[in-house]
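Protein chains: 2
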Amino acid sequence: MSFRNNLNNAIIEKNSRLCVGLDPQIANLPECFKGAKSAQDIANNILEFNKVVIDACAEYAACIKPQIAYYEILGHEGLRCYEETTAYAQSQDLLVVGDAKRGDIGSTSQAYADAHLKNQYGLKRPDALTVNPFFGTDGIEPFIKTAKAENKGIYLLVKTSNPSSAEIQDQLINNEPLYRHIAKLLTKWEQKYQFDSLGAVIGATHPEELKLLRELMPNTPLLIPGYGAQGGTADKLSPAFNANGLDAVINSSRGILYSWQKEINGQKEFKSIIASTAKASRDDINKAI
Amino acid sequence: MSFRNNLNNAIIEKNSRLCVGLDPQIANLPECFKGAKSAQDIANNILEFNKVVIDACAEYAACIKPQIAYYEILGHEGLRCYEETTAYAQSQDLLVVGDAKRGDIGSTSQAYADAHLKNQYGLKRPDALTVNPFFGTDGIEPFIKTAKAENKGIYLLVKTSNPSSAEIQDQLINNEPLYRHIAKLLTKWEQKYQFDSLGAVIGATHPEELKLLRELMPNTPLLIPGYGAQGGTADKLSPAFNANGLDAVINSSRGILYSWQKEINGQKEFKSIIASTAKASRDDINKAI
Numbered sequence: 003m004s005f006r007n008n009l010n011n012a013i014i015e016k017n018s019r020l021c022v023g024l025d026p027q028i029a030n031l032p033e034c035f036k037g038a039k040s041a042q043d044i045a046n047n048i049l050e051f052n053k054v055v056i057d058a059c060a061e062y063a064a065c066i067k068p069q070i071a072y073y074e075i076l077g078h079e080g081l082r083c084y085e086e087t088t089a090y091a092q093s094q095d096l097l098v099v100g101d102a103k104r105g106d107i108g109s110t111s112q113a114y115a116d117a118h119l120k121n122q123y124g125l126k127r128p129d130a131l132t133v134n135p136f137f138g139t140d141g142i143e144p145f146i147k148t149a150k151a152e153n154k155g156i157y158l159l160v161k162t163s164n165p166s167s168a169e170i171q172d173q174l175i176n177n178e179p180l181y182r183h184i185a186k187l188l189t190k191w192e193q194k195y196q197f198d199s200l201g202a203v204i205g206a207t208h209p210e211e212l213k214l215l216r217e218l219m220p221n222t223p224l225l226i227p228g229y230g231a232q233g234g235t236a237d238k239l240s241p242a243f244n245a246n247g248l249d250a251v252i253n254s255s256r257g258i259l260y261s262w263q264k265e266i267n268g269q270k271e272f273k274s275i276i277a278s279t280a281k282a283s284r285d286d287i288n289k290a291i
Numbered sequence: 003m004s005f006r007n008n009l010n011n012a013i014i015e016k017n018s019r020l021c022v023g024l025d026p027q028i029a030n031l032p033e034c035f036k037g038a039k040s041a042q043d044i045a046n047n048i049l050e051f052n053k054v055v056i057d058a059c060a061e062y063a064a065c066i067k068p069q070i071a072y073y074e075i076l077g078h079e080g081l082r083c084y085e086e087t088t089a090y091a092q093s094q095d096l097l098v099v100g101d102a103k104r105g106d107i108g109s110t111s112q113a114y115a116d117a118h119l120k121n122q123y124g125l126k127r128p129d130a131l132t133v134n135p136f137f138g139t140d141g142i143e144p145f146i147k148t149a150k151a152e153n154k155g156i157y158l159l160v161k162t163s164n165p166s167s168a169e170i171q172d173q174l175i176n177n178e179p180l181y182r183h184i185a186k187l188l189t190k191w192e193q194k195y196q197f198d199s200l201g202a203v204i205g206a207t208h209p210e211e212l213k214l215l216r217e218l219m220p221n222t223p224l225l226i227p228g229y230g231a232q233g234g235t236a237d238k239l240s241p242a243f244n245a246n247g248l249d250a251v252i253n254s255s256r257g258i259l260y261s262w263q264k265e266i267n268g269q270k271e272f273k274s275i276i277a278s279t280a281k282a283s284r285d286d287i288n289k290a291i
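Chains as they are written, first to last, in the working numbering: chain A, 3 to 291; chain B, 3 to 291.
Think of the hints as simulated: they come from the structure by calculation, not from any bench. Hints are not guaranteed to be accurate.
Any copy will do: because identical chains look the same in the list, a pair fits if it lies in one copy or spans two.
Unchecked claim - 30 Å max Cα-Cα, derived BS3-like pairs, lysine-lysine:
1. LYS39 <-> LYS150
2. LYS281 <-> LYS186
3. LYS264 <-> LYS238
4. LYS147 <-> LYS273
5. LYS53 <-> LYS194
6. LYS289 <-> LYS150
7. LYS53 <-> LYS186
8. LYS147 <-> LYS39
9. LYS53 <-> LYS16
10. LYS126 <-> LYS16
11. LYS39 <-> LYS120
12. LYS273 <-> LYS39
13. LYS147 <-> LYS36
14. LYS150 <-> LYS264
15. LYS120 <-> LYS36
16. LYS147 <-> LYS126
17. LYS36 <-> LYS273
18. LYS186 <-> LYS126
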């Protein structure tokens, strides 16, 4: 079964369009996971924190999205933590979107696709991967072919959530912004490779663009970051979903992971606060369908 | 001393503008490094191979450029190999350009910048990093500020070497291609942050664009991939260098790493063949100055 179908089934089963971003910041961990000095010990603490978050959110999240940058800070010990986080989430029946935004020339993209989508050497890799479109077809093709062969998914960056995304992504090409040009390439690749799990990343911080891009890509699975801490709100998210309320997940990272900081100072209740914030986020997002 | 100065000093000292790309493909290793099954054993073999390559090329190369995708295939064991390769090259007085092409929203780019440029947790990180410009200023700033603070360098993708780079990078914005728009942003950032080590990646496979981009960015350090196996030739590289023959390095990966395959079948002489190919590449490139 394709990644798109698996994710839509998870959405239906849990009645949730929430993706929980696992972006562990060392300085923001609960007190009980602080104080380690070596990369190995810090990575172990992050893994334990991630397991708590996964346990707290499993019922309320359609998928999780670890952002690999926060693991790479700790070098190979961090990458081990990323791998074990992925494996643990999958063992709890959660789909994992690896947020690595890779992209390169063809031969290197093939290496990245193998690295992030192919289960080998005893390593479980994510169920889907975010990919940067800057290189064009020959940089994208290895990701698509590998994902298709492995029943996994790709989310291509189309319009990112950050304030200065306009400097490049909104530049006009034949009177339309670059992000629309990329969306058109995406739908071309979708058809060329007959691949239903080629998705798009569109920031929740750009609701107008989201609406127009959804019209251009009616069947594309969407990954929407920028909800919560970055300022995106649920009332503007309706266009993300199809008529059945499927084919989109909304990511919240900091808004859930560190939700307990407002209420307590690193005491043990952080797990229940994370769970209730995830539940509230799920319900808030469901108002948009 | 800045990365730009360090690299120009290495160029002068060795009379070399060659960057050797360390893109280890498991299937293409010499026979004596083949046969391992586990990620750990394969990573150890690659590390030994890399050390041979570094020893063979140290005299003839201004820097090395490990492509991290080929290490990520092996997961955290591969990343350990990447880290140890970096540390070994630096111990042999070689500058290391980490070819990771990272890029994301601001907070995540800061995590990537820390991960790839900041020596911490006992890890030696590369001397410079390749960065994807797709996110605009707030995605670039953390890399620039971190690199500046650490006396390291950044190479921003401007025009990549692959055949389909034109699909996005050559699209016309106000009658000029996107890669020129990015080059102009680059020179703006160079001035805004007063940072001399903000370089550009331009493929050797696009000699016309190289010439025009060099005119637009007269003081920018250039990293030129695509020489050798990808088809770029030295006779077209003259515009890359400044009047003193500095401020550019030309990368060759497969053309050097696997040069021995044409002559022997994995016997021990591969080290001397790699060394003589690196020397010949250095001399070939020097014809362009």
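> Okay, which hints does this one fail, numbers in order?
Replying inline: Result: hints 2, 4, 5, 6, 7, 14 and 18 break, sorted rising.
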